[in-house]
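S.K.: The chain contents come next:
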Amino acid sequence: MGLEVIKLPKRINVVITYVLICLILFFFVFPVYWLGICSLKFRKDWITSPPQYLPPRVTLENYAYVYKWYLFPSISNSIIIASGTVVLSLILGSMAAYGFSRGRFKRKDNMMLFILSTRMMPPIAVALPFFLLFKTVHLLDNHISVMLVHSIANIAFVVWVMKGFFDEVPVEIEEAAFIDGCSRFRTLTRIVFPLTAPGMVVTAIFTFIFSWSEFCFAYVLTRSRATTLPVQMLALQSIRGAEWGRISAFSIMGVAVIFVLALSLQKYLVRGLTFGAVKG
Amino acid sequence: MREMPRYSKRLLIFVLPTLVFLVALLIFPLIYSLVVSFFRWDLTSPRPPGFIGFRNYLTLIQDSAFVRGLSNSVLMILLAVSIELVCGLGIALIFSKEVKGKGLFRTLLILPLMTLPVVSGYIWRMMFHYDGGPVNDFIVRLGFPPVGWLLGYPQGIFAIVIADVWQWTPFVAMILLAAFQSLPEELVDSARVDGASRCQVFWHVSLPLVFPVFLIVALLRIIDVFKLLDPVFIMTQGGPGVSTLTISLHTYYVGLRYFNMGLASASSYAMVIFCSVVAIILIRTMRRV
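These protein sequence lines are chains A and B, in that order. Sequential numbering from 0 applies to the first sequence in numbering that gives the first Met the number 0. Sequential numbering from 0 applies to the second sequence in numbering that gives the first Met the number 0.
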């Protein structure tokens, strides 16, 4: 496939490939292992010199502590905000993507450009004016405001991906349904949506992950009532130092949700990751 | 005859709500921010805001922290993006081979992508810890003295770059992998039939075909590293001093620690301008290919 560059006896080739793969995976997986193992350590083992790769004693007390004091309401806030963001961006984004995919109207390209360019905006540059805006209308520290801002940041992605999926549905199918008498609404719901469902799933997952991990806007726009999980993690470090075991436990919990989501739908994930970047 | 879907102008209706939503919610902050950047507005001082024209921008250029932040950001972009692209390409090549367990390997590879940037910041803060971090442990076992990774310049920059490379190289690798796999077989086959060696096929056929994707990924990463805030905030907070300050962090400090809204808006706009320039390049490139 044009990718075998080195000509060596097949046996050695395979062995080298495996070794390289293992080295590469070690680099990428070890830090996650380290996070997990640190979350299980007793306080006095948190920072040791030399570091303990296989601690002799483990405990779940870090998880218990985080569960008791820090997990709520941050995790429920994150769930609410992420879900709301998914619903909002998926609805608006898919509609717009369909319009861009099938429609032909003046300035279509300009509009698409505008929407895609929102992806380029640096969060902090926009966070400050939003902070002032929401402060004025007393909407700071509110789920809705964070949801709105997350959606703004994410719609461009939804449009990008979904347009690719809509483009893949041949117009002939819609035209056939049209001729058979379906209204546009029925063509959409009965034919187009089912065909692009995998695309929606992928986009939903990525949007959820984006909103879940988002830090900048969440930090600027919330105080105590609508704090999300990433922002809440900051509470575990203070002038005296960071509580590494607890931070690790909290991190694992925050990341576990994403792992579960991603792993259960991984085959959709790879398709989604590559869509929009690969023309084809 | 009813209007065929392909040529419908009425589909504008589908796009309008999104457009209105975005414009309404974005136009205010953008214009507001621009206007404020021309004022002297300090939230902590009792003086009412006053119009000072471009004075904020001048202060910005002369502010050593801003300049430092800008140069740090540029340095990070150069280091991180080049490493990510080269390593991503290499990893894509290696992971494209048909070996047993391919699916598992690929799943493991994207593990870093699934950690939140904040978590990545904490992970690497632990990894780079002077006494208890595995990185220094590894270095010491090799016989070298330990490095104060997060304690100064330029190690701090390298630490942040390594954390970013760790998190995003899988992303680059997966996209390049998919790009390679979507290349039409016939092109490669016909080149082989015409007598090209494997190396030549790769260099002169596969690589040029994948180049557009490569460029898009490169530009996306450049913008993302420029915007980088989360890991820097967690790992070094820009310190010590301003040695690892990035431009995002600088804007944050000016706006939400020093509450100098005028200067913060000017800094924000400088960032927006930079990103727009890169975005225009990105879009021109996409048009051309």
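Because the hints were derived from the structure by calculation, they are not lab data. A portion of the hints provided could be inaccurate.
[Claimed, not checked] Here are the computed lysine-lysine pairs in the BS3-like style, where the Cα-Cα straight-line distance is at most 30 Å: (1) K67(A) / K43(A); (2) K107(A) / K96(B); (3) K96(B) / K105(A); (4) K96(B) / K9(A).
S.K.: Is the straight-line distance between the alpha-carbon of K96(B) and that of K9(A) 30 Å or less?
M.R.: 12 Å, holds
S.K.: Compare the distance between the alpha carbons of K107(A) and K96(B) with 30 Å, and conclude whether the hinted pair is satisfied.
M.R.: 41 Å, violated
S.K.: Is K96(B) close enough to K105(A), meaning Cα to Cα at most 30 Å?
M.R.: Violated - the C-alpha atoms of K105(A) and K96(B) are around 46 Å apart, more than 30 Å.
S.K.: Hinted pair, alpha-carbon criterion (30 Å max): K67(A), K43(A). Please report holds or violated.
M.R.: 21 Å, holds
In summary, the structure is inconsistent with hints 2 and 3 from the numbered list given earlier, while agreeing with the others.
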